[in-house]
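Each chain, letter by letter, is given below.
2 protein chains.
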Amino acid sequence: MAQKPSIPRGTRDFSPEEVVKRNYIMDTIKRCFTTYGFQPIETPSFENSETLMGKYGEEGDRLIFKILNSGDYLNKVSADVYSEKDSLKMTSSISEKALRYDLTVPFARYVVQHQNEITFPFKRYQMQPVWRADRPQKGRFREFYQCDADVVGSDSLWQEVELVQLYDAVFSALQLKGTTIKMNNRKVLSGIAEVIGEADKLIDFTVALDKLDKIGEEGVKKEMREKGISETAIDKVQPLFTASGNATDKLNLLSNLLSTSQVGMKGVEELTFIVNSVETLGLQSASLEIDVTLARGLNYYTGAIFEVSAPEGVAMGSIGGGGRYDDLTGIFGLKNMSGVGISFGLDRIYLVLEELGLFPDTASANTKVLFINFGEAEALYAMKAITKLRQQGISAELYPDAAKMGKQMSYADKRNIPFTVLAGASEMDASQYTLKNMKSGEQISLDYEGLVRKLQ
Amino acid sequence: MAQKPSIPRGTRDFSPEEVVKRNYIMDTIKRCFTTYGFQPIETPSFENSETLMGKYGEEGDRLIFKILNSGDYLNKVSADVYSEKDSLKMTSSISEKALRYDLTVPFARYVVQHQNEITFPFKRYQMQPVWRADRPQKGRFREFYQCDADVVGSDSLWQEVELVQLYDAVFSALQLKGTTIKMNNRKVLSGIAEVIGEADKLIDFTVALDKLDKIGEEGVKKEMREKGISETAIDKVQPLFTASGNATDKLNLLSNLLSTSQVGMKGVEELTFIVNSVETLGLQSASLEIDVTLARGLNYYTGAIFEVSAPEGVAMGSIGGGGRYDDLTGIFGLKNMSGVGISFGLDRIYLVLEELGLFPDTASANTKVLFINFGEAEALYAMKAITKLRQQGISAELYPDAAKMGKQMSYADKRNIPFTVLAGASEMDASQYTLKNMKSGEQISLDYEGLVRKLQ
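Going line by line, the protein sequences match chains A and B. Each residue of the first sequence is one higher than the one before, counting from 1 in the UniProt record's numbering. Each residue of the second sequence is one higher than the one before, counting from 1 in the UniProt record's numbering.
One or more hints might be untrue.
For identical chains, the list gives no copy identity; a pair is met inside one copy or between any two copies.
[Stated by the list, open to error] Below, simulated DSS-like cross-link-like pairs (lysine-lysine); rule was C-alpha separation at most 30 Å, straight line:
no., residue 1, residue 2
1, K30, K439
2, K368, K30
3, K201, K222
4, K388, K177
5, K89, K76
6, K454, K30
7, K388, K227
8, K201, K214
9, K388, K407
10, K236, K221
11, K436, K384
12, K222, K76
13, K21, K388
14, K76, K55
15, K4, K335
16, K211, K227
17, K21, K368
18, K55, K439
19, K436, K388
20, K138, K335
21, K384, K177
22, K384, K404
23, K404, K266
24, K414, K388
25, K76, K4
26, K266, K454
What the hints contain is simulated information worked out from the structure, not anything from laboratory work. The structure presented is a predicted model; accordingly, all values stated were derived computationally and were not measured.
Bound conformation, chain A alone (with noise of 0.2 Å):
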C-alpha cells in the first residue's frame, strides 16, 4: 500500500541547511527588536472564522484556508442549504474555523481581547507563517512566515523614527549593506488628489507615476490621460516630474505644490519631522528615501508609509513595508487605537541573502566532530570524550556502527564535518586520540585536555 510521497502544491519542506539559514535570519531580527523593546506574542493558527472574514475584501475573503468541521458536519446543515449546493452558502455550515491570513487581524484581535492586560503603548513583535489559498508560481506560496513589529496606542512620530530605525539595524546586522528605505505619507498622497482636484483617480495617478524611471515624462504623461486625467491636473503636479535630489529637497517641493491643502502640509510637516530625526541621529547602512508614489495598501494606511528595496543591482520587490493606521482595533469595538508597523519579507531576504553570499559560516553551524567507530571497546572510549565535550558545547557525534572506514569518512564529509577522531587500540593504550583535519588531512595525537583545546 505504499504511496508516493509529495506535498501540497505551494508548501515546503525545509532541509537542515534551510532551516539554519532561516533561523540566522529569524534570530537576527529578534534580537534588533528585543533592543529596540519589541515584546514577541503568538496566536493561534486558526481563528474563528468571523474573525478573519470580511477583513481583506472580497478576494481575500475567498483565499483564507477554512476548517472543516469535525464529527457529522452534515448534520447541522438545514434541508434548504443542502438542497441548493451552493458552495459559498455551505461554507458557513460547515466550517466554523480558518487558517490566519495575516498577523495584523490577528493582533487587532489579540489587543482587544487583551486590553486590560496589555501595558500601552504596546510594543509587539509576531514572526509565524500564514496560509493563502493563493494560485502557487514562482516564489508565492501557500504557507509563509510573516515577521510584524507594531506599537499601538501612540501616535507619537517617534515611532516612525524608530522603524527607519529599526529596519537601517536589522539589514546592518544581516550584513545587508545600501538598502533603500522609501517613505511615504497618506496624507501627501491626500494632498496631491485635493490639489490634482481628483480625489479618484489617485491610485491610477500614483501607479503612472511611478512609471516615470521606466517611460519618462512624456510617457507618463501620456498614461496618465488615457486614464482621464485632466490637462490641468497635470500641469498642477508637473514639479514631480522632474523631482530630484535627496530627502530635504523632495519635501521642499512638495511643500510648494501643497502649500494650498492642509492635510497635504500635514504630511509633508510629519515626513519633515521623521526625515530631520533620522538625520540627526544617523543610519548605519541603509538610506532614506522620499517616494511620492508609494502607496501600499492605499486605504488601510493614513499616516507614514514604507517600502525596503534590496540593494542596486538585485533584482528583488520589496523587502520589507509598512506604515501608521489610526484605527486597527475598531473593527473590534475599541476605537481610538493608532498604530504603526513594519514587516520584513522573510523569503525574499533570504533569497537576497543567498544571491549575496552573505549568510555567515555560523549559519550552517553543524557538527564539529565525527568519532570514527571501530567497535564496541572503541566506541566506549570515544563515547566517553564525546559526553564530555557535549557538555562544554562542542558538539561531537559517534559514528552508530562499526561501518568500513570509508563510509564513515564519507558521511563526516558530505555532513561538512570539519573534524574527525581516529581512536583505535594504541590510542585507547596512550590514552591519546587522533584528530583529523578533514579539509587540510592533517592529523594530530592529542590527550583529551587538547582535543577540548583545539575544537573550541
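Position chain B against the provided structure of chain A, taking the given hints into account.
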C-alpha cells in the same frame, strides 16, 4: 459591526512573558540537540490527506483537522455522493489537505521523499505545532508544539545510549534535577507474553502490573484474574511482583524469568548494553530505571521504549517518551529503515518549571532602560543615547509621548523595566544622564560612557 473577540476552544494566545519562557525551553533543547549532532527540519503545516489518513487508527482519522478545498468545492461532488448526505463519505470529495497530527508521519514522508538528498544515518529534530480535534480539557489543547529527535538508518544501540544521555542533558540544562528516565524493551514484553503463554493478554497484564505501587501484589493478581489471566501465568511471573533494586538487579531478574524465550533474552541483552554503557558514561542529574510495565504504543515500538517522569513530588504525567521502531518509512515504500526517537512534552515541562520556580530571570528578558520623554528637544537628546545603546545590544526605549511623569514611570513599572533615564534641560547642558534604579529608587548622574558601563 464590532464583534466580541475570542479564539477557538482548545487554542491559546501566548503573552510576551509566556513566549519568552517557551522560547527559553525550546532554545535550551535546540542547543542540546545540536551538541548531539541532530539537525533541524521543517515540514508544511498541512499535508495531502492521503499522507495522514489511516496512519493513526480510526480514532486518529477522526481527530485530524481537514481543510476545505478552495473555490466551488461542491462542484466536484458527484450527485450520488451528494444525495447520501453522509459526512464521512463527503469529506474526501471536498477536502484534499489536512493539518499535521504529529511530527512522526510527516518525518517518515520527508525521509522517503528526500532519501536521495539525505546522508544516513539521519539525525533530525523538529519542533513545530500539531493539531488534533480532541475534546479540549485541562492541559489538553487542539494546537500544541511537539518536539522530536529521531535517528533513522541505523540499528546501533549507541543511539539508545545517546538518547538517554540527551534526556539527561536537556533536563540538566533546564536545572530540572531528579527526573527518572524509565526504560523497557518491546522484546522483553514479547518474552513475557511467550512465558505466560497469553500473548493477547499482554496489555491487560502490563496495565495491571503498573498498579503494583497503588494496589499491592494481591490487588494486581486479583485484577489479572478478572481479566482472565490464568493462575499458571501469574505464578510464572511471580518474581515481577517483588522486583526491586537497581537496573542491574531487575535485569538479572528478567534474565532468569525469560531464559526460555529467545526474543525475551534479546531484549534483556539490549537493555543490559544500554544500562551498562550509561552507567559507565554517567548521567548529570537524571536516573535510569527499568520499568517492565512501560508499554507506550505497544504495536508501534519494536525495541527500546522510553518514558521520563518529573522529579518526585511534582504531580505531572510523563514529560517525555519515545522508542525504537523498525519500519517507520515502510508505509511510504522505503523498507528496512530502522529508527529510534524521543520527544519532549513542552507544555508539561513548562508547567513543571513554573511550579518549581526554575525559569531563570533572563527568561523574562525585557527592555533594560526606559528614557523618560520631556519634550521634543529632550527626546532627541535621549534618542541619541538610545540609538548608541541599541547598537551595543542593550535594550532601550523612549517613552513615545511627553506624557505626565507618573504615567511614564507606571509604564516602566508595569513592564518590569529595571532602569529609567531622566534627561531634561539641565542634563542636556551638562551632557549627563540621570539613571534611576527602579527597584532601589537610587539615582545617579552619568555621562554616556558611564551609562553604558552601568547598563552592560
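Verification of the supplied hints:
For the identical chains of this complex, K30 and K439 are inter-copy neighbours only, at 27 Å across copies versus 34 Å inside a copy, given an alpha-carbon limit of 30 Å. Both within a single protomer and between protomers do K368 and K30 lie at most 30 Å apart by alpha-carbon distance, with minima of 26 Å and 16 Å respectively. When the C-alpha separation of K201 and K222 is checked against a cutoff of 30 Å, the pair qualifies only within one copy, where the shortest distance is 15 Å, while the shortest distance between copies is 86 Å. For the identical chains of this complex, K388 and K177 are inter-copy neighbours only, at 19 Å across copies versus 41 Å inside a copy, given an alpha-carbon limit of 30 Å.
Taking identical chains as interchangeable, the C-alpha atoms of K89 and K76 lie at most 30 Å apart whether they share a chain (13 Å) or sit on different chains (16 Å). Taking the shortest Cα distances, K454 and K30 sit within 30 Å of each other only across copies (24 Å), while inside one copy they are farther apart (32 Å). Proximity of K388 to K227 under the C-alpha cut-off of 30 Å is found in neither arrangement, the shortest distances being 73 Å within a copy and 49 Å between copies. For the identical chains of this complex, K201 and K214 are intra-copy neighbours only, at 21 Å inside a copy versus 79 Å across copies, given an alpha-carbon limit of 30 Å.
Proximity of K388 to K407 under the C-alpha cut-off of 30 Å is restricted to the intra-copy arrangement: shortest distance 26 Å within a copy versus 52 Å between copies. Taking identical chains as interchangeable, the C-alpha atoms of K236 and K221 lie at most 30 Å apart only when both belong to the same chain, with a minimum of 12 Å there against 97 Å between chains. In this assembly of identical chains, K436 and K384 lie within 30 Å of each other by CA distance solely inside one copy; the values are 19 Å within and 51 Å between copies. Within a single copy, K222 and K76 get their C-alpha atoms no closer than 58 Å, and across copies no closer than 47 Å, so neither meets the 30 Å cut-off.
In this homomeric assembly, K21 and K388 come within 30 Å of each other (Cα to Cα) both inside a single copy, at 28 Å, and across copies, at 28 Å. In this assembly of identical chains, the alpha carbons of K76 and K55 lie at most 30 Å apart whether taken from the same copy (26 Å) or from different copies (28 Å). For the identical chains of this complex, K4 and K335 are inter-copy neighbours only, at 13 Å across copies versus 53 Å inside a copy, given an alpha-carbon limit of 30 Å. Within a single copy, K211 and K227 get their C-alpha atoms as close as 14 Å, which meets the 30 Å cut-off; across copies the closest is 82 Å, which misses it.
Taking identical chains as interchangeable, the C-alpha atoms of K21 and K368 lie at most 30 Å apart whether they share a chain (18 Å) or sit on different chains (29 Å). For the identical chains of this complex, K55 and K439 are neighbours neither inside a copy (56 Å) nor across copies (44 Å), given an alpha-carbon limit of 30 Å. For the identical chains of this complex, K436 and K388 are intra-copy neighbours only, at 19 Å inside a copy versus 44 Å across copies, given an alpha-carbon limit of 30 Å. Taking identical chains as interchangeable, the C-alpha atoms of K138 and K335 are never at most 30 Å apart, the minima being 40 Å within one chain and 34 Å between chains.
For the homomeric pair K384 and K177, the shortest alpha-carbon distance between copies (22 Å) is at most 30 Å, but the shortest distance inside one copy (46 Å) is not. In this assembly of identical chains, K384 and K404 lie within 30 Å of each other by CA distance solely inside one copy; the values are 22 Å within and 62 Å between copies. Proximity of K404 to K266 under the C-alpha cut-off of 30 Å is restricted to the inter-copy arrangement: shortest distance 26 Å between copies versus 76 Å within a copy. In this homomeric assembly, K414 and K388 come within 30 Å of each other (Cα to Cα) only inside a single copy, at 25 Å, whereas the closest approach across copies is 43 Å.
Proximity of K76 to K4 under the C-alpha cut-off of 30 Å is restricted to the inter-copy arrangement: shortest distance 24 Å between copies versus 36 Å within a copy. In this homomeric assembly, K266 and K454 never come within 30 Å of each other (Cα to Cα): the closest approach is 63 Å inside a single copy and 41 Å across copies.
In summary, the numbered hints that this structure violates are 7, 12, 18, 20 and 26.
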